[in-house]
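For the sequence shown, the residue numbers in mature numbering (1 follows the signal peptide of the UniProt record, and there is no 0) are -18 to -1, 1 to 313.
Calculated directly from the structure, the hints in this document are not laboratory data. Keep in mind that the hints are not guaranteed to be accurate.
Claimed, not checked - Now the in silico label distances, taken between C-beta atoms and shown as ranges: (1) A(-16) x S56: 48 to 54 angstroms; (2) D99 x G282: 34 to 40 angstroms; (3) T22 x G311: 39 to 45 angstroms; (4) P101 x E62: 16 to 22 angstroms; (5) R240 x D99: 35 to 41 angstroms; (6) V281 x R26: 28 to 34 angstroms; (7) Q9 x D71: 31 to 37 angstroms; (8) G55 x A(-16): 43 to 49 angstroms; (9) D99 x F31: 25 to 31 angstroms; (10) E36 x G282: 27 to 33 angstroms.
All C-beta atoms in this analysis are idealised placements derived from N, C-alpha and C, irrespective of residue type, glycine included.
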Amino acid sequence: MAAPVVALVLVSHSSPLAQGLADVAAQMAPDVLILPAGGTGDGRIGTGFDLVEEALGRALEDGRSAVVLTDLGSAALTAESVLEMAEADVAARVRVVDAPFVEGAVEAAVVAQTGADLPTVARAAEDAATTFGRSASSLAAVADAGSQVVGGSGGAPGPVGEGETSGAAVATSAGDAGTVVDRGAASGAATGGTGVGPEPGAGGAAARGGSPSSTGGAGAEPRAGRAAGSAPAAAQHTSDGRPAGTPSARGTAVLRNRLGLHARPAAQLARTVGAFDALVTVNGVDARSVLALVGLGAVGGHEVVVAATGPQARTAVTAVIDELENGFGEA
């Protein structure tokens, strides 16, 4: 994973608020420079031009860019005033975003941790408002229905299909050209799988019919019953918009830690996913989003569905399942 190249500056009317948020976000993204700029220079409630200017100067050292988040409109005005006084090449490396202060900072920090560029980190902060709204709706649905598996915007996972197993299976989803892997087979599970196979493109039997793959030979021998999942000949794109034939993988896992996907494990999972060239979802939500993962309301004992598309789809799903099943180091 690339080193972070974007810092965060948190401008608040309250120094303790800015510092507290910086502390929380740093737990999610330990390598990202997060600078609080709260209160006035003499310790009162308000915003200080000099404090914001100093924080921005530090944020932009060593060639970094910076995303600025603010708690209220006047804090945004202070940040914009600082940029108006800065050189054009300096101001070009800064984005003052219209984003929820807490949720935007957390989302931006986790994305910045992956080494993402300035536009990507800024967009993560701005998208947090929408993600937070969906997450709140999902949590309300959990409270109302007492659901055991929550699907967020993607819905609850369906029953395990023919030829799949719960808890440790990684398999292709219908309509995509990926690999079929049953991790349980490596430990003697009687599922007919062959264990973890090579990365797509590394040779080996194909996921369809056991013959060499037209996409470069991707994966292990299929289990019985998976042939029905072959992609229709007319399919042009996968469900996430990638070209048909993009490697894909799917599996299930049971959350082992009692609190499940609360903030810290969600951030850990998002950082893990960011290291792979794959689009990964957990119960249908983007696994790169801390807020979306927390919004699932998934706690210990819940079974979740992990799916991915992209060149490293199978490896990404395996890594996510490992973290889920290991409980993130929590009891």
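Consistency of the hints with the structure:
{"no.": "1", "hint": "A(-16) x S56: 48 to 54 angstroms", "verdict": "34 angstroms, violated"}
{"no.": "2", "hint": "D99 x G282: 34 to 40 angstroms", "verdict": "36 angstroms, holds"}
{"no.": "3", "hint": "T22 x G311: 39 to 45 angstroms", "verdict": "41 angstroms, holds"}
{"no.": "4", "hint": "P101 x E62: 16 to 22 angstroms", "verdict": "19 angstroms, holds"}
{"no.": "5", "hint": "R240 x D99: 35 to 41 angstroms", "verdict": "37 angstroms, holds"}
{"no.": "6", "hint": "V281 x R26: 28 to 34 angstroms", "verdict": "42 angstroms, violated"}
{"no.": "7", "hint": "Q9 x D71: 31 to 37 angstroms", "verdict": "33 angstroms, holds"}
{"no.": "8", "hint": "G55 x A(-16): 43 to 49 angstroms", "verdict": "34 angstroms, violated"}
{"no.": "9", "hint": "D99 x F31: 25 to 31 angstroms", "verdict": "28 angstroms, holds"}
{"no.": "10", "hint": "E36 x G282: 27 to 33 angstroms", "verdict": "44 angstroms, violated"}
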